[in-house]
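Single-letter residue listing:
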Amino acid sequence: MSSFFEIFDIYLLEAVLNGILLGGLLALLALGLNLIFGVIDVTWICYAELVMIGMYGMYYLVQYYGLSYYAAAPIAILLVAALGALLHLLVIAPLLSAAPINQLLATGGVLFVLQSFATVAFGIDFRNLGIRLPLLTLGDMHLSYSRLLAFAAALIGMVVVYLFMTRTFTGTAIRAIAQDRQIMALMGVDAKKIYVVTSALGGALAGLAACLLVLQYDVHPFVGLSFGPITFLICVLGGLGNFVGGFVAAFLFAEIISLGGLFSDLEWGYVLAFAFFIVMMFIRPAGLLARRS
Amino acid sequence: MLELKSVDAGYGSFHALFGVNLEVKAGEAVGVIGPNGAGKTTLMRVISGLIRPTKGSISMEGRDVLATPAHKIVELGIAHVPENRRLFPRLTVEDNLKMGAYMPAARARYAERLAFVFDLFPRMKERRHQLAGTMSGGEQQMCAIGRALMSDPKLLLLDEPSAGLAPVVVQQVFELVKRIRAGGPTVLIVEQNVQQVLQVVDRAYLLEAGAIRTSGSSAELLASDTIKQAYLGV
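The listed protein sequences derive, respectively, from chains A and P.
The opening position of the first sequence corresponds to residue 8 in this note's numbering, with each subsequent residue numbered one higher.
The opening position of the second sequence corresponds to residue 3 in this note's numbering, with each subsequent residue numbered one higher.
Looking at chain P on its own, in the form it has when it is part of the complex (with noise of 0.2 Å):
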């Protein structure tokens, strides 16, 4: 579904991404691990538009991303909900979710996905009203995926769900990414929450100083010595 071949990315002088290889094939979850600063969001803003690759290319089926414009790769079924959530804070919840569905195919189709997101978070339709910036963090972060959710994505990108969140509510958001798996999108996310994320991928890759280190099915990589020692703390 999603592949990138030998990506490097960057900001100006400062080199981000060295030669990333990444594949994710419809119906996957997909993690992508490591420290801070591995680089793992710059990925995930190259594969959204929001930077773009000095190298390589990324398809989304079959479809060449670099050529399409940043604000029409949310056509090609690319949903991303950006680190720290980013949401429109003195906008209504249902403000930020209609701008989720601003594209024209998910436009047509507005009632329906925002019955859709309701459904699935029933506390996003209580506080419909309520400005976005005002809710607790968990309130945030579900506001943000139902935004991702309102175009329909074929492909959801999550970038660190559960940074800024209370042990409890980083629980809460890991059951929300196994439901959203149930309900049909493929996910891409990129976590440092290491022993969360891989119980709810099937398979994930280990990014360390903008390559790819290793990369394996969750039962792999939760049995590797590297991952157990730098990781997972035992």
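Just chain A, with the same shape it has in the complex (with noise of 0.2 Å):
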């Protein structure tokens, strides 16, 4: 019966270990859509597709042009940064005073038009990169290299954003003009140059996520399926634009996850963070750290 508990113990350990590194790369993806929410008051329906686009890039930088993974992410990187910047020109930009319902629209068309683009040109074949990073043995539990990885890079990553957005001219401008936009020209500051650097910054978020996630996931077109409605609820839960409320929801989730999948199936611990989420929005409508007016 002790050794029940002592196996059991290790197994916890290991999930919520396991929760807080897939906590890392929901930040992460949260990071991004919160940002470009906040700041420019409209929601990417199609950002896990950016992400499923730098994938991939990794897939065919490394696996056609032959680079090693760590030449391969930078340039994947800046690559969903450009696509970024480009769906703030050619798609957002016109429709900024746009009714929401319409910015929505035109961006879930875009999740649709980059799911078929990628279905047309990569096919619907499942691929990887071919590199399998070995498992690390910590006592008894197993941790995987990749997402210890994947969850210090998102960390680094998330580090890098906050010291731009609090130390220099650019990123306090970001955070300002969330804050009051119509009077961001009287700072002498180009609104429309900040909408596609800020556009920029949260296409790069997604590259990063796409360099990390492609490590643990085969990517194809429908990839973005399975976690961008689940970094949609997490800003939702933190309250949209709230990067810190962000960041603890997508720890809250990742827990729920791991800890449900723990004691029955992965697809249960799904399952029960949806039904968190769902009481939550009773709970607390307008999102975990809601500021109050």
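Just so you know, not all the hints are guaranteed correct.
[Stated by the list, open to error] Ranges of calculated distance between the beta carbons of each label pair, as one might list FRET restraints: (1) P:PRO124 to A:LEU170: 25 to 31 Å; (2) A:ILE27 to P:THR136: 31 to 37 Å; (3) P:SER15 to A:PHE229: 55 to 61 Å; (4) P:ALA213 to A:PRO101: 37 to 43 Å; (5) A:LEU170 to P:PRO71: 29 to 35 Å.
Think of the hints as simulated: they come from the structure by calculation, not from any bench.
Backbone N, C-alpha and C define an ideal beta-carbon position, used for all residues, glycine too.
Two chains, two frames, some hints: make the complex.
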């Protein structure tokens, strides 16, 4: 009997750790979406599809052009950053003063365009980098090295964004524009330029997430569906546009999924997480850390 | 320095300014007084480019303000302290001041400008890490003026600096305006508080229903019957 509890505790600890590792990645995804929403007041429904394109970018750079993983990653990040800026200039900018539902439909349209484009251009096969990183054994626990790497890189990415947002003039302008966009011209700030920079930054975060996800998951045109909705729910749970709320919600969600998966199947972990989301929407409809107005 | 010639402006079908002629010379402090809804705020917004006039011309030191993109007007040396201060409430005092120094020329001298503003408002130095929205109205007004001064402007536009402040604080704000004047920039100030503003400015325009009704030196206006009856209540 005592040995049963020992094993159980090890599994529990492993699940908690895996939850934290997953949380880092989800927090990174949520940060990008929150940044766009908080600053431009637009929801990129197609955010996960940008990640999908980034994953394909990694796949081709590594498998076709023979680049090493670490050489391919910066290129993929830049590629998705450019895609983010392009998405803003071509789709969002003309609709900035349109009704929110139109903006939502337009980015929803981009979602299908990107999925269809990927299907036509890359086919529906599941592809991977062919890189298999070893398992890390800590006592009786097994942790995936690729998850640890993803977690560390996600944290570093978030710290870099934090420093950019707090230490630079452009970063401060990004935070300011979210609070009062009408008077930005009085500060000498070209709001249009700030929006493009913000979109490129959101794209770069999606690109970073792509580099990390492609280590753990195969890429196919619909891979966005497996983490797009959950990213969106995390942002809503944390309060759309609230960076800290999104960060907390990502780890909460990841732990529910991971621990729920421990007690039965992984799918049940997701069911629990979504049920938790629905309940929270009744209790705190404006998000976990809603600002009191 | 600043010259407006027969400026018309409005919002959609609503006409707010009719043929406004106004001039500010370097080194002067000029007031624009008038009742609520006379178009005073619109006048300020037209100068700083927040809205564009439908007719007329505006020049700053001989340069065409209307041909300058709105976010470049601050580079002509015009800084606007907007109505209701419009600080970024969830940024710190220092980050608000940083936004005032966004344009390249001011950014290069950020440390120097920050020291200047902290020298002028020691209170802002104490509160540099506080969120701007949590300060008192008077402190917020200091911060808003400080933010505008960060760009080292030649012309400072002040829109109702005394609005919503307690009488004691209003007194302090006008003292402040006097101190700023002594320090350099030319000042154009819009106020409903006629009695107070005429103590601070050299001359003033009376704006009523979107048109300049009269203008003159502070002494002339204080002595004029129209102003006395309508605005000073004597």
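Consistency of the hints with the structure:
Between PRO124 (chain P) and LEU170 (chain A) the C-beta distance comes to about 29 Å, which sits within the given range of 25 to 31 Å. Checking the proposed 31 to 37 Å range against ILE27 (chain A) and THR136 (chain P) shows it holds: the Cβ atoms sit about 34 Å from each other. Between SER15 (chain P) and PHE229 (chain A), the C-beta spacing of about 50 Å breaks the proposed range 55 to 61 Å. The given range of 37 to 43 Å is respected by ALA213 (chain P) and PRO101 (chain A), whose C-beta atoms sit roughly 39 Å from each other.
The hinted range of 29 to 35 Å is satisfied by LEU170 (chain A) and PRO71 (chain P), whose Cβ atoms lie roughly 30 Å apart.
Figure legend: structure checked against the earlier numbered hints; the only hint not met is number 3.
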